[in-house]
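Chain Y is fixed; fit chains E and D onto it per the hints.
So the chains spell out like this:
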Amino acid sequence: MATLDGSTIIGESILINGSLNGDEDLTVRGRVEGTLTLTRTLVVEPTGIVKAEVQVKNCIIAGVVVGNVTASESVEITREGRMVGDINSPRVIIVDGASFRGRIDMGDFDLPHGERPARSALARPVSAPSRPAMRAPPAPLLSRPAMARKEEPKVAEKLEKTEKAFPAKPPAPPVPVGVGTVKRKVIVRRK
Amino acid sequence: MAETSGIIGRGTVVKGNLSGSGDVVVEGRVEGTVSLKNQLTIEQDGKVFADVELENLAVHGEMSGDIQAADKVTISSTAKVVGDIKAPRVVIEDGARFKGSIEMDVKLPEDI
Amino acid sequence: MAANIEKATAPRGGAHTVIGGSIVIDGEISGDEDLVIQGTVKGKISLKESLFVESSGVIEADIETANVEVSGQVTGNIAASDKVELKTDCKVVGDIRAPRILIADGAIFKGNVDMDVKELKGK
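Read top to bottom, the protein sequences are chains Y, E and D.
Just so you know, the first sequence maps onto residues 6 to 196 in the working numbering.
Just so you know, the second sequence maps onto residues 9 to 120 in the working numbering.
Just so you know, the third sequence maps onto residues 186 to 308 in the working numbering.
Quick caveat, the hints were computed from the structure, so don't treat them as lab data.
Remember, predicted model here, so these are calculated numbers, not experimental data.
Within a straight-line C-alpha distance of at most 27 Å, the following computed DSSO-like cross-link-like pairs (lysine-lysine) qualify: (1) E:Lys-23 - E:Lys-107; (2) Y:Lys-56 - D:Lys-229; (3) Y:Lys-56 - E:Lys-107.
A few chain Y residues that face chain D, going by a derived Cβ cut-off under 8 Å, partial list only: (4) Ser-12; (5) Thr-13; (6) Ile-14; (7) Ile-15; (8) Gly-16; (9) Ser-18; (10) Ile-19; (11) Leu-20; (12) Asn-22; (13) Gly-23; (14) Ser-24; (15) Asn-26; (16) Asp-28; (17) Glu-29; (18) Gly-35; (19) Gly-39.
Glycine included, every Cβ here is placed at the ideal spot set by N, Cα and C.
For reference, chain Y alone in the conformation it holds in the complex:
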């Protein structure tokens, strides 16, 4: 596990019980209990145990963390990492083999199923890259079964509501809706 350069290291046999604040990177190989607040990166090495409320910029967990972690940039739980607690961070990475139990909140984003989250500075316009396929040029409208027509407006409405909550986002990609044939698509545009 890489150690950060010129940073604070809490050795394996050290136990700190109380509040720890700092403006530098911190590597924990021992045990820290209480609260831990850093403006930089916290690395909990495999031998490290942090039983605390953690507030940092970045957090890499390869050891044990019990407590809530709030990170302004990212949280990563590595293969040897184990965490019990809630994570509040715009980026969360959980590697295969990691253990985690708790809630994850990545801030607000365009939630599936028409929910309307409040605007947040943490929201990233991720929806654009995730739907490149939908930007296909509209296909000509051919014969469609009458049944499919009824479904369209309801679905379109729900998605419209979701998308209207985020005027700052890139324009919503067209939504292809229900036809049996593979090649024909109905594109419903926002009014």
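The following block gives chains E and D in isolation, referenced to the frame of chain Y:
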């Protein structure tokens, strides 16, 4: 790996209970419940609004619902997932959007 | 557990725990290894090995350890089972209890000194 028993294509909407023993790939939309013995893959265009119970789940698109997997759940970098996950293995890739709880088996040292 | 550490100069090289300059700890620190403090610690420090308070270090705590080497500021009582060394430009306010004490020229110290030869027992 099981044979792909079903592909729900881009224009297809399934409302109801989806169950089966093969792998299912969703490129369209599924609403209701999903209960599979093997793998569900939600492609980038796919949307699933359902509680799912399966062996493996791989999400590249959108999913809203509770997930119970016997083996592994993978939320890839293009995915957006809202719901509670209960599985022995969960992988969240950089760039994924997730909101909910995750319950894996966590072995903690005795003196915690 | 490594007991042979360079104590002469640059203790950082051999030490395992370094509390950096911007770190503020309010609580208790305990451990079985060397500790280098460049930041601020309030509360209590209890080590089995050596404590190095570097010139930027500020300690407002009672200290109990084997060795202490102070180049910074300490406000609190120090009890060492082996030696206490106060280096030039350090500032220590508190009582010192150790079998061996070294106070360098230029060190500022205010408190009592007890060089009781008996081995220090845990309180």
